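Just so you know, the protein sequences line up as chains A and B, in that order.
If you read the first sequence in this note's numbering, its first letter stands for residue 1, the second for the next number, and so on.
If you read the second sequence in this note's numbering, its first letter stands for residue 1, the second for the next number, and so on.
Be aware that one or more of the hints could be misleading.
Pair ranges (Cβ atoms, derived) [to be verified]: (1) A:V459 to B:G186: 34 to 42 Å; (2) A:V146 to B:W300: 47 to 55 Å; (3) B:L205 to A:D191: 48 to 56 Å; (4) B:A194 to A:R184: 51 to 59 Å; (5) A:R231 to B:W300: 53 to 61 Å; (6) A:R238 to B:W111: 27 to 35 Å; (7) A:L399 to B:P33: 48 to 56 Å; (8) A:S305 to B:I117: 54 to 62 Å; (9) A:T197 to B:L201: 52 to 60 Å.
These are calculated hints, taken from the structure and not from any lab test.
Quick caveat: nothing in here was measured; it's all calculated off a predicted structure.
Ideal Cβ positions, reconstructed from N, Cα and C, are used throughout, including at glycine.
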Amino acid sequence: MTCPFRDLWPLRGGGEITRLGDVDALDLARWQFAVTTLYHFIFVPITIGLSALVAVLQTVWLRTGKSEYLRATKFFGKLFLINFAMGVVTGIVQEFQFGMNWSNYSRFVGDIFGAPLAIEGLLAFFLESTFLGLWMFGWERLPRRVHLACIWLVAIGTQLSAYFILAANAWMQHPVGYRINAERGRAELTDFVAVLTNSTALVAYAHTFMACFVTAGAFMLAVAGWHLRRRNQPEVFRPALRLAGWVVLVAGLGVVVTGDLQARVMTDQQPMKMAAAEALYSTTDGASFSLFTVGSLDGHEELFSIRVPKLLSLMATTSPDGRVEGVDNLQAAYAAQLGPGDYRPLIPVTYWSFRLMIGFGVLAMLVAALTLWHARRERPRLARWVWPAAIWAVALPLLANSTGWIFTEMGRQPWTVFGVLKTADSVSPEVGVADVALSLGVFTVLYGILAVIELLLMVRYVRAGAPEEEQRPAEDGVDRPLAFAY
Amino acid sequence: MELTTVWFGLIAILWCGYFLLEGFDFGVGVLLPVIGRTERQRRVLINTIGPVWDGNEVWLVVAGGATFAAFPEWYATLFSGFYLPLLLILLALIVRGVAFEYRGKVDSAAWRRRWDIGIFVGSAVPAFLWGVAFGNIVRGVRLDADHEYVGSFVDLLNPYALLGGITTLALFTLHGAVFLALKTDGEVRARAGALAVRLGLAALLVAGGFLSWTQWMRTDLTGAVLSAAAAASLAGGVGAAKLRREGWAFVGTAAAIVLATVALFATLFPEVLPSTVAAANSLTVHNASATPYTLKIMTWVAAFCTPVVLAYQGWTYWVFRRRLRVEDIPQAAAEPAGGQTEAAVRQPGL
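Same shape as in the complex, but just chain A (with noise of 0.2 Å):
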């Protein structure tokens, strides 16, 4: 029997096969977690902040009683929803991959780990997912402003799992509150409340947080761009870009403050990271940030570089001339200190990931900014390129969560849990290359089939428009056909 299929599910079980030719298990459950993380996450802070955006626009209306913000709640609430169904079902797989994918992982930190995915599920999902049910259809049931509370609520839920599960990443940067047990073989809680109030976490909440409403900011000013360009229903879509707008450049410059405080606790918590991010090699004063460089970054060699001067030394340490270490002098230092090995990042990605982060970041603050500039008094010869510039500003955001989330991933290798456990000890190890190459080229193609969906139905409803203008919705009670989403 040389079947290679029975070789590679055996009947019989047990041997796992786990590395067929150049392909191994671990590579692919790495790139299956980075497929399906990065995928959730196109949806996970658009949800955190259209969320409040939509709970906004709904209390404006409740107060003032202008119809344009009810039009404008239901139009964006309902692009919510369909952008809210897909990070549901996708973060469901999150979960289920610690235990599938990465059971050593598991095994090892479940006993801290462990807590705060469990507390996101009781606290914060059931809040999300029940309120945003009686939301959707309790716009005829519900008093009005316990209909308002409702979408309130939802946004609360989403914020308070952003912290849950940072918090438990937070512990993957910079493990604390724990000792280990190496009779069990695991690290054990020993400081919750360490764990919550860990420094990575609250700098990287506070750093998501304003990711999140740039992200969704600069959703609805696309959005709004696409009908402002048409002249179609500006009542409605005027305050929304203006809200859109101003939320983008705020919250961008949150995000730029948060960043900053974020790369110095990096430099002093992860400082192989913080030299992986500038492909800084060996350890300087006073040390230039460059924005572009081309050249063998592996290979120490530089053919073409544009650098600010002292940047990078002030950005880690508050001081121009303060030291940054290099991953040469910190590699040399990991291998004393803990034996043999490779202790660096794959530095071509945390660099250019590291960059253009930045990059997408401060491009969609400066398209923003053009658009609030060009919608208070339009110029027709620049709206020819404004308008379309806020639409497909977008996806700037996204890409930034994508390439920030890279960077800090990635910057952690060779480890999951910084300094305590390394990744290749993380794996699955009765799972086989074959069970992690089926699961990953199911996700991948079911994921692209639903992603162009997606993009489908959010474009329909765009174009669609608002509502037009209707009757309040009554209160009193009385049975009339539901209006359903269903």
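Chain A is already provided as a structure; the job is to place chain B on it using the hints.
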């Protein structure tokens, strides 16, 4: 009581909640092509669970998270060991969730038909596979000394576990029929009620068989008593359905699902995943658990949060307690609810 026992109990409760709640919305999904003969009837069916299915699914997410936190070894072994069944469940839940949200978003019969298939398959597959998974948990699987699952996918498809799958599929489908009879009116209600009686007899047969086999395999007094109570509740529920006492029928099937789930957990205790290779390799509440410190924190969180969650989730069911009729579903075509169509003006809500 030891905290490990408390958490074993809490995880049992989470699975009970999940099967009780998502059980009927799986059932509604399975019955969509059977009971929903016209488009408006199908919309009635889907809308009975519209506001609640997502909240019901969170019970699964919390059960998974709680297992991770309270019994990391159990979570790690179970999820990596049952890799392919869980992959299928995930795919089904993804398709199903998207199908609910998207089927009404384009006004085309072909579009809706495709999503209806998604709802049916996405409901039937997990309804079946959860039974297979629990069958294997109770029966035990091949675990080595490191608590790694060393069996194969085919090992999981043994006759006992497959009967478990048929049992959950039958129970959830019945539960869905009973739920529809309770939540709708007119033709849909009559058809669901009649179907519940017929399904009830089949469910009684397979569930009786599965629970008896369980007790024959791993005799446990508490488990046996609970199994008998589950069977009695199921019979009572089916009887009530026959008498058109829809509320009591729902109480009956709900109690049967909860009691059967508790019976499985009681039979399992104190093991959480027995090994068929050697008893020493089995995972138990002791060798799979987190530290007492983590369990204590989690206990406080659960004690404070759970009553609040139950209160607001219960309130949702109260808000949407009214029976749905075909007349409640707007005749209007599916949206986009743009400014252009007249239909949209008559269809204000989201």
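Hints and how they fare:
Here the CB-CB span from V459 (chain A) to G186 (chain B) is close to 38 Å, well matched to the stated 34 to 42 Å. Against the hinted window of 47 to 55 Å, the Cβ-Cβ separation of V146 (chain A) and W300 (chain B) comes to about 30 Å, which falls outside the hint. Look at L205 (chain B) against D191 (chain A): about 54 Å separates their beta carbons, and that is inside 48 to 56 Å. Restraint check, A194 (chain B) to R184 (chain A): a C-beta distance of roughly 56 Å satisfies the suggested window 51 to 59 Å.
Checked against the hint of 53 to 61 Å, the pair R231 (chain A) and W300 (chain B) passes, with Cβ atoms roughly 57 Å apart. Taking the beta carbon of each, R238 (chain A) and W111 (chain B) are about 34 Å apart, inside 27 to 35 Å as hinted. Look at L399 (chain A) against P33 (chain B): about 42 Å separates their beta carbons, and that is not inside 48 to 56 Å. Evaluation of the 54 to 62 Å hint for S305 (chain A) and I117 (chain B) yields a pass: the beta carbon distance comes to about 56 Å.
Between T197 (chain A) and L201 (chain B) the C-beta distance comes to about 58 Å, which sits within the given range of 52 to 60 Å.
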